[in-house]
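Based on the sequences and whatever the hints tell you, model everything.
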Amino acid sequence: MTFIHLACGGAEIPPVDSGLGRVGELFGVEPNGDLRWYRYDGVGQATPNGSIGWAPNSRNIIGNGWQSFIFLCGGGAGTLFGVEPNGDLRWYEYDAGDGVSDPAGSRGWHKNSGNTIGNGWQSFERLVSTPRGRGPGSGPTLYGVEPGGDLRWYRYLGEGEHDPSGGTGWHPHSRNVIGNGWNSFTMLTGAGGTLFGVEPNGDLRWYTYTGDGQQDPSGGTGWHPNSRNIIGNGWNRFVRLVGTADDRGGFGITLFAVEPNGNLFWYKYIGSGAHDPSGATGWHPNSGAQIGRGW
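Per this note's numbering, the very first residue in the sequence shown carries number 24; after that it's consecutive.
One thing to keep in mind: the hints can contain errors.
[Unchecked claim] FRET-style restraints, in silico, Cβ to Cβ: (1) GLY285 x ASN309: 37 to 47 Å; (2) PRO170 x ASN142: 13 to 23 Å; (3) THR244 x ALA127: 45 to 55 Å.
Hints were generated in silico from the structure; no laboratory data involved. What you are looking at is a predicted structure, and each value in this text was computed from that prediction instead of being measured. Ideal placement from N, C-alpha and C gives every residue a C-beta, glycine not left out.
Put into structure tokens, the structure is as follows:
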């Protein structure tokens, strides 16, 4: 496995109904701290060597010094959230979105990139985010899993204004507990308001949260009725899983899954959480195709 972090940074819902933006944009962090940019434009054509479906600038280095983070997740439109070992939460936005090679990281970034927007984030076992939606009060949503299994909800409405106290730019419901029992997953990813969790036995569970962070530790508020259903199995063969909303050829959630040897596989879930442990329902026919290696 090459990357120590992998994040989806695109697929934000635009203000008007003009389709998703920057679909398939990925950011990978090398052990030496280099940040590599990719964009997958394909639809799961099986190409193990990764020769089909990738934007020309894919694999270019667009920054350095990213190896210190313990978590890295994407919030749409090139937004990235990184958590330092001391718990500081840093905000970045890659506005260029074009992957032009720049190892120094001196071009294409929002002026507020690198600013600290909160603290105390090192306590989570897992941290994932989903891009902003449409309408007032929308912004990237972050979900943090505590060691005891509580799931905390956050929504960031700012633009990277420096405030280490975390008092600026957050929805008032941020940090509320919206569920429990989430510490059982070995992997967790989010995209388009949907969360996917992998159990130790390989079962893939589906959740969709439509609430706005109302406090409910029981998890009885704001969840789609199909939430927690099993939609597949065998996902414990992977060591990394990231997702992005994808409206190419019909709306769904594309999942990029990495095996221990670095092989990259493509899946697209177009269902709505119908219970099917066999994984035969709701998946694009190209799901399970290998689209690269060395990840």
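Verification of the supplied hints:
Distance hint for GLY285 and ASN309: a CB-CB separation of about 20 Å, inconsistent with the stated range 37 to 47 Å. Between PRO170 and ASN142 the CB atoms are about 18 Å apart, so this pair conforms to the stated range of 13 to 23 Å. The beta-carbon spacing between THR244 and ALA127, approximately 46 Å, falls within the hinted interval of 45 to 55 Å.
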